[in-house]
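K.L.:
Here are the chains, one letter per residue:
2 protein chains.
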Amino acid sequence: MTDIERLMNPRSMAVIGVTDKEGAFGQRSGANALKSHIRDRVYFVHPRRESCMGKKCYKDLKELPEIVDCILICTPAATVNPILREAGELGVKGAVVYASGFSEDHTSEGIAMEKEMEDIARTYDMKVVGPNCLGIINNVNKIMMWGLGAWIDLDTRPTGIGIIAQSGFIAANIVQLEQFNISYAVSTGNGNCFTLDECLEYLVDSDDVKVCALYLEGIKDASTFCRALEKAAKKRKPVIILKSGVSEKGAKSAASHTGNLAGSAGTYQAVFKKYGAVMVDSLEELLCTAQMYSVLNGRLPKVNGFAGINFSGGENTICADLCEKYHVKLPDLEEKTLKEMRNYIPPFAAAKNPLDGTTSLFTDREKVYNVIKAMGEDPEIGGVLVGMNVAGPRGVPQKEITSMEAMIQISDEENAPALFAVPSYEGDRDKVWREKLESHGIPVLSSAEIAYKVLGKLGEFVEFQWEKSTLAISAPDKAPTGTKCAMSEWDSKLEIQKLGIPIPAQGIAAIREDVPEVVGKMKFPVVMKVNSPDILHKTDAGGVRLNVRNSEEALEAFDSILANCRRYMPDARLDGILIQEMAPSGLEMIIGVTNDPQFGPVLLAGLGGIFVEIFKDVALCPCPVNTYEALGMLRQLKAYKMLEGYRGSRPCDLKALTDIMVKVSQYALEHKNTIAEMDLNPVFVYGEGKGAIAIDALIVAYGDR
Amino acid sequence: MTDIERLMNPRSMAVIGVTDKEGAFGQRSGANALKSHIRDRVYFVHPRRESCMGKKCYKDLKELPEIVDCILICTPAATVNPILREAGELGVKGAVVYASGFSEDHTSEGIAMEKEMEDIARTYDMKVVGPNCLGIINNVNKIMMWGLGAWIDLDTRPTGIGIIAQSGFIAANIVQLEQFNISYAVSTGNGNCFTLDECLEYLVDSDDVKVCALYLEGIKDASTFCRALEKAAKKRKPVIILKSGVSEKGAKSAASHTGNLAGSAGTYQAVFKKYGAVMVDSLEELLCTAQMYSVLNGRLPKVNGFAGINFSGGENTICADLCEKYHVKLPDLEEKTLKEMRNYIPPFAAAKNPLDGTTSLFTDREKVYNVIKAMGEDPEIGGVLVGMNVAGPRGVPQKEITSMEAMIQISDEENAPALFAVPSYEGDRDKVWREKLESHGIPVLSSAEIAYKVLGKLGEFVEFQWEKSTLAISAPDKAPTGTKCAMSEWDSKLEIQKLGIPIPAQGIAAIREDVPEVVGKMKFPVVMKVNSPDILHKTDAGGVRLNVRNSEEALEAFDSILANCRRYMPDARLDGILIQEMAPSGLEMIIGVTNDPQFGPVLLAGLGGIFVEIFKDVALCPCPVNTYEALGMLRQLKAYKMLEGYRGSRPCDLKALTDIMVKVSQYALEHKNTIAEMDLNPVFVYGEGKGAIAIDALIVAYGDR
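Those protein sequences? They're chains A and B, same order as listed.
Going by full-length UniProt numbering, the first residue of the first sequence is number 1, and it counts up by one from there.
Going by full-length UniProt numbering, the first residue of the second sequence is number 1, and it counts up by one from there.
Do not take every clue at face value.
Since the list can't tell identical chains apart, any single copy or any two copies may satisfy a pair.
[To be verified] Capping the alpha-carbon separation at 20 Å, the derived lysine to aspartate or glutamate pairs in DMTMM-like fashion look like this:
1. K538 with D679
2. K235 with E201
3. K641 with D617
4. K641 with E613
5. K336 with E377
6. K616 with E248
7. K329 with E248
8. K431 with D155
9. K59 with E89
10. K339 with D364
11. K231 with D221
12. K638 with D617
13. K339 with E380
14. K672 with D221
15. K523 with E553
16. K373 with E340
17. K252 with D332
18. K457 with E5
19. K638 with E613
20. K663 with E588
21. K367 with E495
If you're looking for bench data, these hints aren't it; they were derived computationally from the structure.
Using the sequences provided together with the hints, build the complete structure.
P.N.:
Structure (structure tokens):
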């Protein structure tokens, strides 16, 4: 049994600081522990009590008849570390610490106490959940290590979702919503000892968890986190993530909540995308998505295509609109399917996707069955969406019962399509019918707008091909040391040329007399730029001359650039003039790298100039990036149309461009501990087969230069 | 009493074709009619029955003791027109026709029957709702003219929202949801006799309607529709519109549903925006928005700024993220407010907006009261958002009751801010508490994502200043006749020059010998272009020469352009060469006009080139457009940053640009019956005070040329 297993699935446990004072951690945690299936091996510990809740209290851990797997510490912050140390000495391997008052308080005392806790955990190889948490509910093995009144009936609640929340109340709220299938719920609190990352890996590994749902403010260890995502991707186990703190004010709120740095929202999103994890925006979307995957239980749509059927023309129109808005694919059905559908719908109804079922189908289960079946058998359809509220002020209406019976019949057949109930309105669904649908593998989604958003992302999940992705990041081994230094343009370009990235022929004229020799090896026209570590805005300094057409012009340009720059900044070091062939203009792209402190180098691609800066039309992917991923990045750009060939212009050389992207990402990977940023700007991309070339480059690295 | 009043609020009515056959229109409509407060003046008509539901049946309308205000026709399609005609002869002014089988069937017979119905209605000045509808519920006067089992208790249901739905089932579903305050619900069906537009005007005029909610597939009469929106804007009465059929498949679905043309989604959106109407995407959003305004009952936030308070750090972070996503303004609170808040929150909590209330406020009503009060008194705050689900599997939790009591206390005070309950999850809200909050003017919104979307749009509504808008469209008086003809560039530019829009000096050289004289009046460099009605792609034909620097080059260019064009298209009519001064380049904008068949000319503005075509970054506004609206259009553009001055570049001459926009819109208005399209592309915009100039122009009009 691993240490983590002893924490998550203990065979025995002790509640330390148990009490019967209503509302205290000791009371709630004790009462919950007694609901566990291991209740015979649950022990209460209190230094001054004989018994509590009718159960014997031991004075301390040493008195217990066995060394328990896990302890639940219900005492205040100041008392926690001594208890942990004692437990560690005894060989206890798991602990839950509820108390707050540690690093999240941002006091030096709190931070020091939490550091000490980490030390203790390391020293004794203990897995410690918390502090500032609500603990763990294990509904697979029916064990409660939970510090709040938990309205969950372990005997009846179905399993499915593994929840990790960096917010106790969010975990608690989710658990108490009866309609969700919970396998584990973990409130990680500050999460510096037992991290969210480790916890995720445990849940991904567990066969009892069909889908992981995370409320995430920030991670601790990128490598562990991404290893878990990698395993999940390979198992096709969905990981649903509500990453909060993505806004400016949200990041501040997260910081004062659990002390997590929110990090760059864009980087997180790029990491999730790389591993096919599903990013959501709200709790409702998190829950709807998680429950959907739990109910589908692996029976995903075979293709990313949906057919819709509604029993109101208006709702059918809204369905079509929302599907377009949320990128839910509604393929045109093939003629065979339409023909079959026409056998069951009235002559005035139009056989279409989505289908207005009309009132004539309201009460005819046979017809509804046949229509849905025909839709589901269309080769382009992986799932059928049925509009219904599974509710009504006077009970579930007959038209919905007709449809639900038909859906259940289909769902029980072999090779059935995935089926979904899509409500128009919020409101409690009918419990009995909801459970009936779900037990036959048919999820009841949230009201339409969230539902279609969730379905659009389900389509992406269906299309995600992990085999083609690198499923890797380049997390740095250590924080960079030294200061940031920018290489000169000349050196930066030489560096990328070594990678096999085309650059224009270039040379340096240190003195005027070098000019003829340098230009002698080049084709005119050339470009001349001052080479100086001090002059950053060369154009402003009059340090750039384009379209130099012959040697005479080159000599004149040499003099004039130097004169301009001396005037502009008299003290600047001028290391000669960089001369390069002027490349024919192509589509201007930017390829760049930033280095995220947690996830390491992240590749960026976008169309040059204001497209990046004003329209923020950029794609990110953590390095390394392979050709498939590079192409995926380009496809994410709104400007992709321009690369594809736009208004009769030829398609661009995507092969050459992605080749550069892959090489840059490889370089960044190899320099992950030192690179600060990298910019190829612009890269000119030419027509198909004509290549691409980096016109300018800048590499900034940490070092001691 | 007007005719429309006799329809919407009849003093007497007759149910024609009453029956006791369960499920038939005659049965439902009859039973509903008897629930009306005018039940003493409700008459049943059936040619062969003595009585029905214990009530006497008359043989026909003529037998009734009075000429009723309104008749409800429950008989099949083929029988409707004769009944209507008979009623018309008698002087009946209102009718509801439930039957389908008219124009929505797309059969020539159905279309003809509906045309006849329109004739009858016109001849006898009758207001006829339907066909293919469910009728009207008037909850103000407690009258049911409704063809479906309606689970609405007229005696208890509060009034507030006026609903118009071009889908019977949508109307019916909304009405049966008990939590909505309904004044009127109208299912307009095909709506060719009594249109949605007329109905909207009636509801806007009615003081018993606080907010109008529309499910709209398409309108019939733009002038009436916009007149209603204008009245609503001036009264500050919110009109909430779910315009469906905005997607390609949605438009098709709408067409086969009620035969309405969906029209251009962009144009509808622009029209709504002009009048400050609120556009929503889903039924849930429609209902949440409508009920919110109904509950607020005119007590809108005084400024567009919100403060948020949540009782879970996680939910507080999500609140901040979603507010940013949906443009809900969360201003930083002023120091005075923060200081006041700090008196009530624990020392470790951060006084911020949004605020994590922490558990210490859970049960302390006094503290919650004081914190919310302080937030609401901040000059930048118009509304306070309180995170709560108003529900729970074990009843409403104590922490929510604490907050709700505090909110109610504040809401009852003078000058209270608007208060909102924002749930995280879907689910039925507690009825008692929901009603308690709402009766004190506090709306309970939908789950967070919809809620913040609704609040973002509420902010826009608060900021909308109808006094500064034209509140007008330029609907054409008649459909255009003749064929589309494009004016030449020369003529188009002369036309816009007459409006006072700057254009470059231009001249035509019909023959080579004209060139010196034409260029003699100009400053070099000039641009030369072939002038031909046949050559549309001048550049492809070699018909354009830029940067012509002197007379000699101009003569050479003349020859070469003509030669190129003869080669390109030997039969083309060549009407000489257009010569114009080459303007210094500026920021390239496109100003255009399209002519919507219903709403008339619509002005378009966008940054030139691929910004419009690839990024679809355009703003639309129906003509006429004044300076305030023109500036509003520019502010909608993502590219607005470039007009404002970007990375140190000077701000553009917005005055000159909006001046051009206003003039173009005025021209379009004056030619609303004939104009097809208009394009000023590009318009060069220079720095502040330096003006703007239309470099090229094209006017296309319908006519007999």
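K.L.:
Against this structure, judge whether each hint is valid.
P.N.:
Each hint tested on the structure:
For the identical chains of this complex, K538 and D679 are intra-copy neighbours only, at 16 Å inside a copy versus 39 Å across copies, given an alpha-carbon limit of 20 Å. When the C-alpha separation of K235 and E201 is checked against a cutoff of 20 Å, the pair qualifies only within one copy, where the shortest distance is 12 Å, while the shortest distance between copies is 59 Å. Taking identical chains as interchangeable, the C-alpha atoms of K641 and D617 lie at most 20 Å apart whether they share a chain (12 Å) or sit on different chains (15 Å). In this assembly of identical chains, the alpha carbons of K641 and E613 lie at most 20 Å apart whether taken from the same copy (19 Å) or from different copies (10 Å).
Taking the shortest Cα distances, K336 and E377 sit within 20 Å of each other inside one copy (10 Å), while across copies they are farther apart (66 Å). For a Cα distance limit of 20 Å, the shortest separation of K616 from E248 inside one copy, 17 Å, qualifies, whereas the shortest one across copies, 27 Å, does not. In this assembly of identical chains, K329 and E248 lie within 20 Å of each other by CA distance solely across copies; the values are 12 Å between and 33 Å within a copy. Proximity of K431 to D155 under the C-alpha cut-off of 20 Å is restricted to the intra-copy arrangement: shortest distance 18 Å within a copy versus 30 Å between copies.
In this homomeric assembly, K59 and E89 come within 20 Å of each other (Cα to Cα) only inside a single copy, at 17 Å, whereas the closest approach across copies is 98 Å. In this homomeric assembly, K339 and D364 come within 20 Å of each other (Cα to Cα) only inside a single copy, at 19 Å, whereas the closest approach across copies is 66 Å. In the homo-oligomer, the alpha carbons of K231 and D221 lie at most 20 Å apart inside one protomer (16 Å), although the nearest pairing across protomers, at 60 Å, exceeds that limit. For a Cα distance limit of 20 Å, the shortest separation of K638 from D617 qualifies both inside one copy, at 6 Å, and across copies, at 12 Å.
Proximity of K339 and E380 under a CA criterion of 20 Å is satisfied intra-copy only: 16 Å inside one chain copy versus 61 Å between copies. Taking identical chains as interchangeable, the C-alpha atoms of K672 and D221 lie at most 20 Å apart only when both belong to the same chain, with a minimum of 16 Å there against 64 Å between chains. In this assembly of identical chains, K523 and E553 lie within 20 Å of each other by CA distance solely inside one copy; the values are 14 Å within and 29 Å between copies. Taking the closest pair of Cα atoms, K373 and E340 come within 20 Å of each other only inside a single copy of the chain (10 Å); across copies the shortest separation is 63 Å, beyond that limit.
Taking identical chains as interchangeable, the C-alpha atoms of K252 and D332 lie at most 20 Å apart only when they sit on different chains, with a minimum of 12 Å there against 47 Å within one chain. For the homomeric pair K457 and E5, neither the shortest alpha-carbon distance inside one copy (33 Å) nor that between copies (49 Å) is at most 20 Å. Taking the shortest alpha-carbon separations for K638 and E613, both the intra-copy value of 14 Å and the inter-copy value of 11 Å come in at or below 20 Å. Taking identical chains as interchangeable, the C-alpha atoms of K663 and E588 lie at most 20 Å apart only when both belong to the same chain, with a minimum of 18 Å there against 37 Å between chains.
In this assembly of identical chains, the alpha carbons of K367 and E495 never lie at most 20 Å apart, being 68 Å within a copy and 63 Å across copies at closest.
Checked against the numbered hints given earlier, the structure breaks hints 18 and 21 and satisfies all the rest.
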